[in-house]
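Using the hints, position chain B against chain A.
Number of protein chains: 2
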Amino acid sequence: MKRIDYRKKLGLLLRKLREDRSISQEAFADKFGINRTYYGKVERGENSISLDKLQSISRSLKLPLSELFKQAEEI
Amino acid sequence: MKRIDYRKKLGLLLRKLREDRSISQEAFADKFGINRTYYGKVERGENSISLDKLQSISRSLKLPLSELFKQAEEI
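Residue numbers (the working numbering), protein chains in the order written: chain A, 18 to 92; chain B, 18 to 92.
These are calculated hints, taken from the structure and not from any lab test. Positions of the beta carbon are idealized from the N, C-alpha and C atoms, including for glycine. A hint or two may mislead.
List time: in silico DSSO-like cross-link candidates among lysine-lysine, alpha-carbon distance up to 27 Å [to be verified]:
1) 48/B with 25/A
2) 26/B with 87/B
3) 25/A with 26/B
Per label pair, the in silico range of CB-to-CB distance [unchecked claim]:
4) 55/A with 48/B: 42 to 48 Å
5) 91/B with 77/A: 36 to 42 Å
6) 37/A with 47/B: 37 to 43 Å
7) 48/B with 44/A: 38 to 44 Å
8) 36/A with 32/B: 36 to 42 Å
9) 29/A with 52/B: 28 to 34 Å
10) 25/A with 50/B: 18 to 24 Å
11) 33/B with 25/A: 14 to 20 Å
12) 41/A with 33/B: 17 to 23 Å
One chain only, chain A, in its complex shape (with noise of 0.2 Å):
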């Protein structure tokens, strides 16, 4: 299995998921209920993320923690 950065693919597909939606990164951390700053450093690959917040971002897409991060391995 190649080593994946998770970090940075998933900062990317939420860059890319955001962009898609056309709002900005304080609006999308608001419909995660995920503080600002915290959402601004997980775009950029800054911080690891916990997985009760990615369970809040997987609720508000709407997308299972399985299919969010197939996507993130794609990216």
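Just chain B now, with coordinates in the frame of chain A:
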């Protein structure tokens, strides 16, 4: 989408994968390079594991996170 309790499901999956290998929590934690107490809590759904630690588990088990979560969702 049904609400999924990822802490609980991931914990059950990790316990199952560990028991399939007939090894102790301590040995599994060491294999992942994760603190043993922390790992015990993950298995019991008592903490919100970070993405970096999920990545360590994924690499060690040679299972992409998409696949790990797919298996967890099916539990």
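Right, here's what the structure says about each hint:
no.	hint	result
1	48/B with 25/A	24 Å, holds
2	26/B with 87/B	10 Å, holds
3	25/A with 26/B	25 Å, holds
4	55/A with 48/B: 42 to 48 Å	30 Å, violated
5	91/B with 77/A: 36 to 42 Å	22 Å, violated
6	37/A with 47/B: 37 to 43 Å	42 Å, holds
7	48/B with 44/A: 38 to 44 Å	41 Å, holds
8	36/A with 32/B: 36 to 42 Å	39 Å, holds
9	29/A with 52/B: 28 to 34 Å	29 Å, holds
10	25/A with 50/B: 18 to 24 Å	20 Å, holds
11	33/B with 25/A: 14 to 20 Å	30 Å, violated
12	41/A with 33/B: 17 to 23 Å	41 Å, violated
Checked against the numbered hints listed earlier, the structure breaks hints 4, 5, 11 and 12; every other hint is satisfied.
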